[in-house]
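**Q** Next come the chains, spelled out residue by residue.
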Amino acid sequence: MSGRKKTLLKVIILGDSGVGKTSLMQQFVNNKFSHQYKATIGADFLTKEITIDNNKQVSLQIWDTAGQERFQSLGVAFYRGADCCVLCYDVTNEKSLNNLTSWKDEFLVQSNVTNPQDFPFIIIGNKIDVDDSKKIPSLQKKLQNITNNQLGGLNYPVFETSAKEGINVEAAFEVIAKMALQQEELNDANGHDVSDDYNDAINIHLESEYSGCAC
Amino acid sequence: MSTNDNESDNSVRGKVSSSLSSAQIKGPVSLTPTSILPSSSGPTLALNLENVSKGVTRAIDYTSDQLLSSGPRLSVVSSGSTSDYLLQRQISQEEYEGLTEDFEGDEDDETEDHDTEELHNIISDIIRYERNNTINVNSLMSEISYLDLDMFPNPDGLVDEMAYYRQHIEPSKSDSQQEFHYKNKHFFIFSLAGKPIYSFNGSDEIIMGYMGILTTIISTFEENINEEIKSIMVGDRLKIVALNKNPIVLVSISSISYELMALNKSDLGLELDDEIQTNDDKEENHTIRSKEDLILINQLSTIYNYLLSILSKPVIERNFTNRMNYDLRRILTSLDFQNIDALCMRLSYGLPITKEIDNNLLDTSSFGFFISELLDSSIQSINITNTTRTRLNNILLSCKKLKIKQPEEVKSDAISSYFSSVTSSAVEEKYLAEDLLFSLLSTSNKILGYMKPKNHSLSNDDLKIVLNLISSSSNSLQFTEDLWVPLCLPNFNPNGFLYVFVKRINLSDYFKSGIQVQPLDIVLISSNKNSFYQMQEVSIHIIYMIIKNVDVLNTLTQELISSSKLSIYKDIKVPTIKHFIYKLKKSNQFIMNDIIHVNNDRSMNSILQLIYFYSVLHNTKSVKIRSKLRSTYNKSNISSTTIPSATLSAIPNMKLTYTRWNFPHTSVTGFMLSDNDYEFYCLCNVPVSSKDLITHTLKIIKWCEKNKKRLFFGSGVVF
Chain A
0 MSGRKKTLLK VIILGDSGVG KTSLMQQFVN NKFSHQYKAT IGADFLTKEI TIDNNKQVSL
60 QIWDTAGQER FQSLGVAFYR GADCCVLCYD VTNEKSLNNL TSWKDEFLVQ SNVTNPQDFP
120 FIIIGNKIDV DDSKKIPSLQ KKLQNITNNQ LGGLNYPVFE TSAKEGINVE AAFEVIAKMA
180 LQQEELNDAN GHDVSDDYND AINIHLESEY SGCAC
Chain B
0 MSTNDNESDN SVRGKVSSSL SSAQIKGPVS LTPTSILPSS SGPTLALNLE NVSKGVTRAI
60 DYTSDQLLSS GPRLSVVSSG STSDYLLQRQ ISQEEYEGLT EDFEGDEDDE TEDHDTEELH
120 NIISDIIRYE RNNTINVNSL MSEISYLDLD MFPNPDGLVD EMAYYRQHIE PSKSDSQQEF
180 HYKNKHFFIF SLAGKPIYSF NGSDEIIMGY MGILTTIIST FEENINEEIK SIMVGDRLKI
240 VALNKNPIVL VSISSISYEL MALNKSDLGL ELDDEIQTND DKEENHTIRS KEDLILINQL
300 STIYNYLLSI LSKPVIERNF TNRMNYDLRR ILTSLDFQNI DALCMRLSYG LPITKEIDNN
360 LLDTSSFGFF ISELLDSSIQ SINITNTTRT RLNNILLSCK KLKIKQPEEV KSDAISSYFS
420 SVTSSAVEEK YLAEDLLFSL LSTSNKILGY MKPKNHSLSN DDLKIVLNLI SSSSNSLQFT
480 EDLWVPLCLP NFNPNGFLYV FVKRINLSDY FKSGIQVQPL DIVLISSNKN SFYQMQEVSI
540 HIIYMIIKNV DVLNTLTQEL ISSSKLSIYK DIKVPTIKHF IYKLKKSNQF IMNDIIHVNN
600 DRSMNSILQL IYFYSVLHNT KSVKIRSKLR STYNKSNISS TTIPSATLSA IPNMKLTYTR
660 WNFPHTSVTG FMLSDNDYEF YCLCNVPVSS KDLITHTLKI IKWCEKNKKR LFFGSGVVF
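Protein sequences appear in the order of chains A and B.
Residues 0 to 214 in numbering that gives the first Met the number 0 are what the first sequence spells out, letter by letter.
Residues 0 to 718 in numbering that gives the first Met the number 0 are what the second sequence spells out, letter by letter.
For reference, chain A alone in the conformation it holds in the complex (with noise of 0.2 Å):
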């Protein structure tokens, strides 16, 4: 039972078709990269064990979505629960970049969360690899204006990838299991496990007539 004390962490990446989510968890938790595209189907699912601020030890549940539409209505069970949510998009297509925002706001509406304004996003443009020639035009300024105004003007951390390459990946991920961990130490904070106070005590109605009788 040496794992109790690690701590287990719900990682939803998000984002449109063919910006490289599988990729991305295939070279983070493997270290492989495939040329060939294949869709994912529903979600996938893979588990990595990582140690961070070097004695931590977390354990990251990665839920791979299906960027395709028609996978949508796979809805809830995906997003329920998670710690973290990673938005990928691909620094070649710019309509990825667009839809960033409507990824986070579909992630909010279905994963209910309390607080969204304090929950983990983080953003991943993947493909730096690359030729510059095929990257989105000023780049930099379309994701800070978006950022900057659609995403509520919130300062997620951005990380450009790739996930061929393996540039970036590992130190994307480490940010992500820091910013869930953080998460739930605060949450920890507000709402302590509700575990050892027994204090529920039954208030058992014995009939008066035992009770009260001394005789």
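These are calculated hints, taken from the structure and not from any lab test.
Be aware that one or more of the hints could be misleading.
[Claimed, not checked] With a cut-off of at most 30 Å between alpha-carbon atoms, the simulated BS3-like pairs for lysine-lysine come out as follows: (1) B/Lys-701 to B/Lys-690; (2) B/Lys-172 to A/Lys-177; (3) B/Lys-569 to B/Lys-707; (4) B/Lys-400 to B/Lys-172; (5) A/Lys-47 to B/Lys-172; (6) A/Lys-55 to B/Lys-172; (7) B/Lys-172 to A/Lys-5; (8) A/Lys-31 to B/Lys-172; (9) B/Lys-569 to B/Lys-528; (10) A/Lys-5 to B/Lys-690; (11) B/Lys-690 to A/Lys-47; (12) A/Lys-47 to B/Lys-182.
[Claimed, not checked] Okay, the calculated bits of chain B under chain A, using three or more residues with CB under 8 Å as the criterion: (13) 186-199; (14) 205-211; (15) 215-228; (16) 324-335.
Glycine included, every Cβ here is placed at the ideal spot set by N, Cα and C.
Dock chain B against the given chain A, drawing on the hints supplied.
**A** Just chain B, lined up with the frame of chain A:
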């Protein structure tokens, strides 16, 4: 996933892992099970007959198709050599003729009690008809092995009982996919967010993905079809059953034949409806669960009840309120996980979790637990004289009359100053055991005496939780220590705790000679969490009352020693029947004899065999005798008043089941007889004529009825 390709040389493993390690949901989850999980290589076990050499296929040659079908017949011939089959048929034929002779001889026997004879005839008739209820088993060994029976899948054709146990039965938390997929049985508990809470087998890494898949399937059903998923049958040897207790979900996956049998009790329909309504208030309007899932559903309910008993419902709900990402494992201890492991073992196999599993003298309380579950939460009782039971109950009752001692003694002074409430009211006379609600005297998980208040009682499920608590703390429960734990009894009240005091006493301590007697447990259930010292004093009083009178002490000790070895042969003087279970329906309590009389051991092999035989016997559709009896009785003009109660008087919805397993060197006969008052099950592992079987069955039933007060603790004493 390329790793799976590398493993494809091992086709069993390759098949399983390639289809599941990627843990991918195929398509939007549809209603057809095959699209959710790959059909032949389900999540637990791959059954690949091609891998298995011809010589061992006998073990995997499932007779289950017929067995699982709902018809009353179990007539199955496995694909052994033809000559074997013919031989067996011949034997059956001879026996059949022998039976007819018995039957006819019976009629001529004028001295035989007329009514019993009548019943004989009827039952013989039915048995003759039921002769087809025979399962032929081709065994290589002269002794019966549980591996010869159609209990478990045996993809590798293992013939060594221990090896099979290690590979397929014993829970393992290892990282190995292969080990995981070999197991016959899985239990999972996870939150609706898909976070694992417990798994019977497999490490976190292995199960995490499955939790995700299961969560998705379950929620998708709920959202899109607005219905709760109940079970998925994968092929005909694997079943997945889910119990959604929002915010947590319990799932069991089984490939154990006796768990996949449909419950065919013809009177089950009614009971089922009641149960559904009490269990799931939310589900009232939903379709009633099919009977086939009931065995596994009951197991999941028992595990859920365990969770409730340690946490209580509000604690679980509060933790998940506003944070669905909550990890329930944070408030569970390693002891809880060990207890759930033990519970799962008992529920599935009737075995304890122990390192010395091959020991021939296993603790049989797990077997008793299994039978209790099989018989709808019946509680096991123990054979002691009515005088002793009454004495014990009176001792329990006397505790309620104890007055609090005057505060002049130093000890009680310390106590009363500790609890200010006691001090303040000590001036008035107060009862020591005011907060005591229920008391139990038990030994080896069997109840001897029971005290309860007038207007409250504990359901059998709650009693089981209490007994389970004692058996799971057996290791730590020393004679010198007292156990004091908060416990939520879900049927009594799922929203709060009662406080349980357990004191174990060793009666042999009070004898100079080295008498060996099983320990006695005093269980005091209080409504006040600050009443530990009071309960402790009550327990001292109980011990004092037992030991102060040499007569009480002696008889109790003697009776405990002999009752643990209840023998049909010695105590009831019946030679053929080796094991029986008699359940009194009214109080839902049962009695059975020591399993040592079956094979002269209490080994894993014997326990598993009994579990299989009794499960099949219990779950096979029984034959109603009622209509036949009536017509016979009308014909023979016997007024019902002359019929002895042991047989037919109340008439009674009488039913029977007769099953027989033929082995090359022996046979096992299973017989079930029930009416409105009782259910009786028995096993003979020597060839027995139907005449003897009936005579002996009726003899045991009469004995049980005669000794009802000795055998059952009834509803206890009331204060």
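**Q** For which of the previously enumerated hints does the structure constitute a violation, in increasing order of number?
**A** Hint check: 4, 9, 10, 11 fail, others pass.
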